[in-house]
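The lines below spell out each chain.
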Amino acid sequence: ETGVTQTPRHLVMGMTNKKSLKCEQHLGHNAMYWYKQSAKKPLELMFVYNFKEQTENNSVPSRFSPECPNSSHLFLHLHTLQPEDSALYLCASSSFGNSYNSPLHFGNGTRLTVT
Amino acid sequence: AQSVTQPDIHITVSEGASLELRCNYSYGATPYLFWYVQSPGQGLQLLLKYFSGDTLVQGIKGFEAEFKRSQSSFNLRKPSVHWSDAAEYFCAVGPGDMRFGAGTRLTVKP
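Heads up: the sequence lines are chains A and B, in that order. Just so you know, we're using the numbering used here here: the first sequence kicks off at 1 and counts up by one. Just so you know, we're using the numbering used here here: the second sequence kicks off at 1001 and counts up by one.
Worth flagging that the hints you see were computed from the coordinates, not collected in a lab. Treat the hints with care, as some may be off.
Derived DSS-like pairs (lysine-lysine); straight-line CA-CA distance at most 27 Å [stated by the list, open to error]:
id: 1; chain 1: A; residue 1: K36; chain 2: B; residue 2: K1049
id: 2; chain 1: A; residue 1: K18; chain 2: B; residue 2: K1109
id: 3; chain 1: B; residue 1: K1061; chain 2: A; residue 2: K22
id: 4; chain 1: A; residue 1: K41; chain 2: B; residue 2: K1061
id: 5; chain 1: B; residue 1: K1109; chain 2: A; residue 2: K19
id: 6; chain 1: A; residue 1: K41; chain 2: B; residue 2: K1049
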């Protein structure tokens, strides 16, 4: 039980599909994050939400659309993806936002393959 | 902006041998430093963290790390490696947008 649950674990989608990734945290945290993990590259921070408000968007293409309806849930909506978007997408949460020293708690990720 | 370098992409050690994984950071002020471990098919798990105070920090699973400001380093160590330690290890620096290194893959030989 990691405290951060991601679904689905695996997703294969065509470039014209629309799908969503879901993340739920049971830790009472106030900040949630989406990271992209590609082989041989450092983790890339995509989006940050503090108290449901988006505070960071690190130049992520508009084909990725986040949604944070409350402090416990985070979604990543996907549409018209490219093959280079294939990666492991990790959700994380922390007690406070990324200006503080609270460590990140990660989910097990969604392995996305774009065909 | 802060950054992290993990010079070793892949390290192989024998079970029972000692381990040191290197991490160098770049940060303009006092950094917050973290080590995470990722097993196959899993997310990242926090091993230990340094915020201030004693420069030698203890973590879970018998790991420790030493902060050396003069060398901008935060190397991870373990005196005796177990086969279950085989995984990928990530160093990270904050606060602000936490920056991760590219990771070091650890293989443990029987």
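Hint by hint, here is what the structure shows:
Using a Cα cut-off of 27 Å, the hinted pair K36(A) and K1049(B) holds, with the two alpha carbons roughly 22 Å apart. Between the alpha carbons of K18(A) and K1109(B) the distance comes to roughly 44 Å, so the proposed pair goes past 27 Å and is violated. A threshold of 27 Å between alpha carbons decides the hint, and for K1061(B) with K22(A) the separation of about 30 Å lies outside it, so the pair is violated. A threshold of 27 Å between alpha carbons decides the hint, and for K41(A) with K1061(B) the separation of about 26 Å falls inside it, so the pair holds.
Taking the CA atoms of K1109(B) and K19(A), the gap is about 41 Å. The hint is violated against a cut of 27 Å. Between the alpha carbons of K41(A) and K1049(B) the distance comes to roughly 22 Å, so the proposed pair stays at or under 27 Å and holds.
Hint violations for this structure: numbers 2, 3, 5, all remaining hints satisfied.
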